[in-house]
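Visitor: Sequence:
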Amino acid sequence: MRNVQLIMELGNRIVAGGQITMEDAQSLADINEEDLPFLLAMADAIRQKYVGKDVDLCSIVNGRSGMCSEDCAFCAQSAHHHTQVNVYPLMTEEELLSAAKQAEDGGALRFAIVTSGRGMGDEGEFTKILRALKRIKQETKLHVCCSLGLLSFENAKALKAAGVSRYHHNIETSESHYSSICNTHTYKDRVQTIKVVKEAGLEVCSGGILGMGESMSQRLEMAFALKAMNVDSVPLNILHRMKGTPLENLQPITPLEVLKSFALFRFILPDRGLRTAGGREENLRDLQALSLRSGINGMMIGGYLTTHGRDYSTDLRMIYDLELSPLSAKQAVHAVL
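For the sequence shown, UniProt numbering gives the first residue as 1, with consecutive numbering after it.
Don't read these hints as lab results, they were simulated from the structure.
It cannot be assumed that every hint is accurate.
Think about it this way: if two alpha-carbon atoms lie no more than 16 Å apart in a straight line, the pair counts; the simulated EDC-like pairs of lysine to aspartate or glutamate are [stated by the list, open to error]: (1) 137 x 95; (2) 134 x 93; (3) 157 x 123; (4) 243 x 282; (5) 128 x 94; (6) 53 x 271; (7) 227 x 175; (8) 137 x 93; (9) 134 x 94; (10) 141 x 104; (11) 137 x 94; (12) 243 x 71; (13) 157 x 203; (14) 160 x 199; (15) 53 x 323; (16) 198 x 232; (17) 53 x 321; (18) 188 x 221; (19) 195 x 232; (20) 137 x 105; (21) 198 x 154.
Cβ-Cβ distance ranges computed for the label pairs, FRET-style [as the list claims (entries may be wrong)]: (22) 310 x 48: 18 to 26 Å; (23) 13 x 69: 41 to 49 Å; (24) 287 x 79: 32 to 40 Å; (25) 249 x 69: 22 to 30 Å; (26) 8 x 152: 44 to 52 Å; (27) 138 x 215: 41 to 49 Å; (28) 2 x 98: 51 to 59 Å.
The beta carbon of each residue, even a glycine, is placed where N, CA and C say it ideally should be.
The task is simple: from the sequences and hints, build the whole structure.
Guide: Structure below.
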């Protein structure tokens, strides 16, 4: 009963416009499994208060795959690991545009071009991406996003001029855990890119991956760091263990632990966009729908960088079954009607 009272007290504080501390969040993280439904329900109430019934849908294309110079332990695209990932150079302008139109037809509101690598070192390739972005902006109703790695201020301004509204750059995990998953660049490098993007006038999409050996306290550390950076959208991936990566044999976290983590992020970031992304199908399995009643208000649909997702229609049906409203570039979504 004490746990339920704590959940209600802290949840009502947030609904009334207040905030919680790291100590408060840790107390919520320590609740037992039998009280978890109360935590999820309160996270859902906070979600309804601040972001309503709309579910923000995004989709991505892996515009350049593999042979990445960085050694991120979770990533199948790293040249440091021996994986079976497809390797290919930057897609053509027409291929990128086609992927965007497919995402729009599937029900996405936002579309991002994502490229492997530390950053956009090749100015010729960056120019090609700018051309593709301008065409996507002109020929679709999508909100256009990008994820091109570490970024200079000049390139961030060029992306904004091309019509990009939001830049995606995950911090991946907490600062205290970062050296356990990457050694070729630092946590501070990632934070610096976020600062540059904000200075250029772009919105920021930044989150991380749950289940990479971090503690629950380190997840809370990541959430409070994102809060301090005032990011606009927080994608929450769950590790999809890939053969050939250093994390391939890591014990996966349970679906209930994933849902608890989602709920805690909503308590900490009450008015931000929280979206499920890679790994939800493998890790949440039959509990995927519960994420949208545990504080989540957005989803990546249609597939990920190196793994497949579900059919667009399956995710849209799930949203409608929960009596929520998918936000799409084409508001009259017909895929499941």
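Visitor: Could you tell me which of the numbered hints above are not met by this structure, giving the numbers in increasing order?
Guide: none
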